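Engineer: Listed below are the residues making up each chain.
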Amino acid sequence: MNNQHTSHTVRAYSDELNALSDEIARMGGLCESQVSDCISAVMRRDPALAEQVIEGDHQVDALETATEKRVIRMLALRQPMASDLRATIAAYRISGDLERIGDLAKNIARRTQELNKSEPLELTRSVERMGKLVVSNLHRILDAFSAGSAEEAVAVCRADEEVDEHYNSLFRELLSFMIEDPRTITASTHLLFVAKNLERIGDHTTNIAEMIHYLVTGNELHRDIRRDPDDVA
Amino acid sequence: MADSGNRASTVYHDAAKTLKGKITLDGVNVFYGPDQAIYNVSMVIPDRSVTAFIGPSGCGKSTILRTINRMNETIDIARTKGSIRIDGEEINSKAVDPVILRARVGMVFQKPNPFPKSIYDNVAYGPRIHGLASAKRDLDGIVETSLKKAGLWDEVADRLDQPGTGLSGGQQQRLVIARAIAVSPEVILMDEPCSALDPIATAKIEELIDELRENYCIVIVTHSMAQAARVSQMTAFFHMGDLVEYGPTEDIFTNPHEPRTQDYITGRFG
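Chains as they are written, first to last, in the working numbering: chain H, 184 to 416; chain P, 235 to 504.
Isolated chain H, as found in the complex:
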């Protein structure tokens, strides 16, 4: 989090606020590699990598618990105000969204094992493109958190539209695929879930963007400003 203020009169309080944003950054970094790895596991049909992602989720969960404890302690002992209050609440909410992102990555990793039982699907490539976009948005939002950039948060919110479009077209394609060749139904359904989970990760990324906007500006990011007014697509 960008530290534009002079430090607290009580130094331990500053330390705790810094530790809180460090924890979020660590948790974010971990989630980013979890999401990136679970997509690779699907692409490369790599059960070992999938297993690693599933195992790695415990670490994300542990960090969330630690953040939650720290936030409760700070609310009780420090009674944060103004930007400190927003930072504390934002950290609490963001850690929740990151934890969900971790769960979704774990879910995708589990699908790998199922997908490996059938022949590779051609559409896996589209899922990969969607996955790359999701990872890139997650990366951008974590940078926005470190930089304290509300503008970038708005930009990431808008970028989520593209993720949704990807998902919708994938959905249609997979549907026609299944109609054409019912033997692909099992694999296609698993792939559809993978895409759905990626789309959900995009939504949680958007939630994080909203929290960063609130944290930096003190104002809620209204859903209607997510869309660029010039964008008439």
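Read the hints as simulated data drawn from the structure, not as lab findings. Just to be clear, a hint being listed does not mean it is correct.
Quick look at which bits of chain H chain P covers, simulated, 3 or more residues with Cβ under 8 Å [claimed, not checked]: (1) 192–203; (2) 258–265.
Partner residues aside, some chain H positions facing chain P, computed with beta carbon under 8 Å [stated by the list, open to error]: (3) L268; (4) R269; (5) G401.
The model shown is predicted, which means the values in this text are computed figures rather than measured ones. Where a beta carbon is used, it is the ideal one built from N, C-alpha and C, also for glycine.
Given chain H's structure and the hints, the job is docking chain P onto it.
Structural biologist: Here is chain P on its own, set in the frame of chain H:
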């Protein structure tokens, strides 16, 4: 509003610009001898609500509070300039009797200061000198109602003849609030009313402030930011004689616009 010279001007939140006021301060400056304590403060204080004045020691918050009932006049070297109006009436005009004004604008201080008299007489004193009750029965009524409004009646009803100074600190503070209420004021000024009280007594006073808000315009000076956040609807932040920022309490404590306000309420004051 008067010219603010080279000092930073006040940041008013939108809600603070459109207030219908009980009290209006317009370009108020206060001097102690050659030293200026208050610089050009303009603000509108709404009726039937609690307005908190916060800021570091020496910022002028008590001084500005004391201009509202002309208490600063009791200090020889103090001079007040600018306009202070209650319901549109200029309180510093020659026509206004400060004694009458102080009945309309009651005050509660940091340390409870009951008179060395009985509980009954503490409350009855004001109504007596202002001639608010003609018969003993009327006076009894005023004492009872005031003590009830101050949330003290149940604790003292059976010992009204005992000295007010024998009560606990929290009870004494409620007693002086009852004393202030007894003369039917319109405004109640409170200068750190809870700083000498324990958390339970503080909670009782805060609860009382919240109830009194229905009928009075209350202005409270407090060092406890948590208290300002709990009891007030509007908050004004003062620093070095300036009114820095004025707005709804919720906004001031979650999203202050001024860096000085932000630094103060988050505990970053250098």
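Engineer: Now tell me, hint by hint, if it's right for this structure.
Structural biologist: Against the structure, the hints come out as follows:
no. : hint    : result
1   : 192–203 : holds (count 3)
2   : 258–265 : holds (count 4)
3   : L268    : holds (6 Å)
4   : R269    : holds (7 Å)
5   : G401    : holds (3 Å)
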